[in-house]
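Number of protein chains: 2
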Amino acid sequence: MYSNFISHIRKYVDLDDNSVALLFKYITPLKLKRKEFLLKEGQICQSIYFVEKGCLRMYFIDDKLNEQITQFALEHWWMADHFSFMDNKPSPYFIETIEKSEILAFTASSFEAMLRELPQMERYFRIVMQRAVAASQLRNKYTYEMSKEEFYQHFSTSFPEFVQRVPQYMIASYLGLTPQYVSELRKKKL
Amino acid sequence: MYSNFISHIRKYVDLDDNSVALLFKYITPLKLKRKEFLLKEGQICQSIYFVEKGCLRMYFIDDKLNEQITQFALEHWWMADHFSFMDNKPSPYFIETIEKSEILAFTASSFEAMLRELPQMERYFRIVMQRAVAASQLRNKYTYEMSKEEFYQHFSTSFPEFVQRVPQYMIASYLGLTPQYVSELRKKKL
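Line by line, the protein sequences are chains P and Z.
Each residue of the first sequence is one higher than the one before, counting from 1 in the working numbering.
Each residue of the second sequence is one higher than the one before, counting from 1 in the working numbering.
Okay, chain P solo, but in the shape it has when bound (with noise of 0.2 Å):
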């Protein structure tokens, strides 16, 4: 159960199957279909989701009323809006499924529980969020010395699966480009 989660998990800590049963404890299990929301706008986010199975994406509305994609995840990823989570403040974001989703989620209050029972959970979380912010930092990077061409081919070829499975005009918002753009791009590499 949840084989995704759990060999995440034991990719960074110890963890016996005593305290997996006590993990489980924790966790409330979400199957979800394409399209349904796990955060609206001025929600506070109440939990943060682990993707068992499916891809999420979380994206806000801008000014011009677009939805501008901000983060993606598939399977092994975690998605909050962290702020909200953290200090209990209304997120700008929404957080819906691309596809039908195994999500895990934990409340703040079952997050906090977990911990203090599962000490070892702290160092799990510790390094997943050091590697998150490693990531943003690799992010940044590319930012400030890609073009959005170099951005697009750098990311489809980094990340292949998203590329198959994600609609194209998302990955356009995403990447802060037009549709018509990333299908020009697409022909050219093709």
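No wet-lab data here; the hints were simulated from the structure.
Be careful, since some hints might not be right.
Any copy, or any two copies together, can satisfy a pair, since identical chains are not distinguished.
As the list claims (entries may be wrong) - Calculated cross-link-like contacts (lysine-lysine; reagent style DSS-like; alpha-carbon spacing at most 25 Å): (1) Lys148 x Lys64; (2) Lys53 x Lys40; (3) Lys64 x Lys40; (4) Lys11 x Lys89; (5) Lys100 x Lys40; (6) Lys141 x Lys35; (7) Lys148 x Lys188.
Owing to the predicted nature of the structure, the values given are computational and were not obtained by experimental measurement.
Guided by the hints, dock chain Z onto chain P, whose structure is given.
Just chain Z, lined up with the frame of chain P:
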């Protein structure tokens, strides 16, 4: 001793005086002049650095041989190339003091040993890293929705201390603006 560091830890976790004494065993304190380097391109980022006093910048050399600043750190902030630090890989970055600074360093091995001896520090770093992820989500959102002028105005309102302490051309580099443009924006504001 190291009062900024200890008060920052105690903001998030309990740390009694005995634990503080244990913690000090793992710290390498560094007193640096202005324009000294903690990391240069091609080196491995050997430590993570806490700014007890002073100011750091992180930058890389772009393909036009310009210094492109990606991060600053004032008092209470952590600085590292996290992928380089965690995965022992050469860094593309430089980390340099902007002012005379007092820096507390944890090498990779002292960091690990400290976390094993003081598990509450896993919790501290999990919270610090999670807040860093949250801050990068926010910064990322701004780059999608703000013009460069709005970004500067927001930056100088949110971080007035930076604008006082950091040379104008460095703020321009960080924001992806020309120094001339930042100078115009500053005059406009006055």
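Outcome of the hint check:
no.	hint	in the structure
1	Lys148 x Lys64	both (21 Å within a copy, 17 Å between copies)
2	Lys53 x Lys40	within (21 Å within a copy, 41 Å between copies)
3	Lys64 x Lys40	within (18 Å within a copy, 42 Å between copies)
4	Lys11 x Lys89	between (32 Å within a copy, 19 Å between copies)
5	Lys100 x Lys40	within (18 Å within a copy, 46 Å between copies)
6	Lys141 x Lys35	between (32 Å within a copy, 22 Å between copies)
7	Lys148 x Lys188	within (14 Å within a copy, 31 Å between copies)
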